[in-house]
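Throw the hints in and build the complete structure from the sequences for me.
There are 2 protein chains.
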Amino acid sequence: MASLGPSIDELISALRCLPGVGPKSAQRMTFHLLERNREGGAHLAKALMDALDNVQHCRRCRILCESDICIRCQDERRQQDQLCIVEMPSDVLAIEQATHYKGQYFVLSGHLSPLDGIGPEALGIPRLIEWLDEKTILEVILATNPTVEGEATAHYISELARERQIKVTRLAHGIPLGGELEFIDSGTLSHAFSGRESI
Amino acid sequence: MASLGPSIDELISALRCLPGVGPKSAQRMTFHLLERNREGGAHLAKALMDALDNVQHCRRCRILCESDICIRCQDERRQQDQLCIVEMPSDVLAIEQATHYKGQYFVLSGHLSPLDGIGPEALGIPRLIEWLDEKTILEVILATNPTVEGEATAHYISELARERQIKVTRLAHGIPLGGELEFIDSGTLSHAFSGRESI
Numbered sequence: 001m002a003s004l005g006p007s008i009d010e011l012i013s014a015l016r017c018l019p020g021v022g023p024k025s026a027q028r029m030t031f032h033l034l035e036r037n038r039e040g041g042a043h044l045a046k047a048l049m050d051a052l053d054n055v056q057h058c059r060r061c062r063i064l065c066e067s068d069i070c071i072r073c074q075d076e077r078r079q080q081d082q083l084c085i086v087e088m089p090s091d092v093l094a095i096e097q098a099t100h101y102k103g104q105y106f107v108l109s110g111h112l113s114p115l116d117g118i119g120p121e122a123l124g125i126p127r128l129i130e131w132l133d134e135k136t137i138l139e140v141i142l143a144t145n146p147t148v149e150g151e152a153t154a155h156y157i158s159e160l161a162r163e164r165q166i167k168v169t170r171l172a173h174g175i176p177l178g179g180e181l182e183f184i185d186s187g188t189l190s191h192a193f194s195g196r197e198s199i
Numbered sequence: 001m002a003s004l005g006p007s008i009d010e011l012i013s014a015l016r017c018l019p020g021v022g023p024k025s026a027q028r029m030t031f032h033l034l035e036r037n038r039e040g041g042a043h044l045a046k047a048l049m050d051a052l053d054n055v056q057h058c059r060r061c062r063i064l065c066e067s068d069i070c071i072r073c074q075d076e077r078r079q080q081d082q083l084c085i086v087e088m089p090s091d092v093l094a095i096e097q098a099t100h101y102k103g104q105y106f107v108l109s110g111h112l113s114p115l116d117g118i119g120p121e122a123l124g125i126p127r128l129i130e131w132l133d134e135k136t137i138l139e140v141i142l143a144t145n146p147t148v149e150g151e152a153t154a155h156y157i158s159e160l161a162r163e164r165q166i167k168v169t170r171l172a173h174g175i176p177l178g179g180e181l182e183f184i185d186s187g188t189l190s191h192a193f194s195g196r197e198s199i
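Protein chains in written order, with the working numbering: chain A, 1 to 199; chain B, 1 to 199.
Check the hints yourself; a few may be wrong.
[Unchecked claim] Distance ranges between label pairs, derived from CB positions: (1) A/K46 x B/E163: 46 to 54 Å; (2) A/G20 x B/T188: 29 to 37 Å; (3) A/K135 x B/R38: 30 to 38 Å; (4) A/S67 x B/R36: 16 to 24 Å; (5) A/G40 x B/R38: 17 to 25 Å; (6) B/G40 x A/R59: 19 to 27 Å; (7) A/Q56 x B/T188: 50 to 58 Å; (8) B/T188 x A/G178: 38 to 46 Å; (9) B/S13 x A/R59: 22 to 30 Å; (10) B/A98 x A/P176: 41 to 49 Å.
Quick caveat, the hints were computed from the structure, so don't treat them as lab data. Keep in mind it's a predicted model, so treat the numbers as computed, not measured. Where a beta carbon is used, it is the ideal one built from N, C-alpha and C, also for glycine.
Below, the structure written as structure tokens:
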């Protein structure tokens, strides 16, 4: 493809590290930043460097945060005996927004995926085992995604908790609110049917 | 919404200056960069700053380039008497790739849009008039987009060229190659019908 110069090509290729950005979008973003919004571009470069410098993982729950220990882990009013295990930092935000849960979190930053070389070490499982061994946790809530990898990861962690006689729960599967039976996938429907509750 | 910290929030909001990136994508990009691809993020910040420092507009044709005058304007083997007028730098690349055109370009960086405060000045029209007054140009090729604004801009420039007795041409409208009549919009079809050519 014809080129406009090395710095422009470099920016187009660097933008492709963003998820969901292909060559056409990267080119469009580059022209937009250079033609129309240089201020926004400079602000983005600065915000990116600041975040890379300041943001680390909480030493306790592994969420992204800007101090050694995140605000939720520092908050002593939160329940200390419940531990909710999620895949991503955004899952913590979603649960905080949607529920009244006031316990602890542990962020795996992914799920077990041996083919990609992601094993227990990469998910911080050794740190999780230490925590479970402290004997402060009475309930482990598994909130990994309902995908094959998420289920496998949940199963793996549930074994760790059971070995230590800790109660393990999993988010309920079933029909989403506002869903219509006709349009729900058969896996979900079968799950909801066999897991029916008496009212 | 719950927050993970000021640097993270700042990065999420800064990413929204990219075209097509809303709050959800910006959040996903932020977590991806900070969790999975810090190297890519650092590279992006550097590429962005380099491009903002090095890239400017060619003084002659206003395309984005890294020197005072772009390579196409420096190339004396290109025809000096044809001038193709486009809206965006990417249009130059598209024409270079698809055609054998070897003349000059002029990049407007947009189209006339009085409501957004984009008038002739912002499109470099004074510079274009200087160029037309040099009397080196024998044909102006209008290659603005076939939108209402693009057509209005083309009309405006065609008047400038006609006043100076310069031949003006416009890219042909019609049925795109591989198109099926049934699925072509009525505006294009009516244009193609009334502009039919004898073979």
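Violations among the numbered hints, reported as their numbers in ascending order: none
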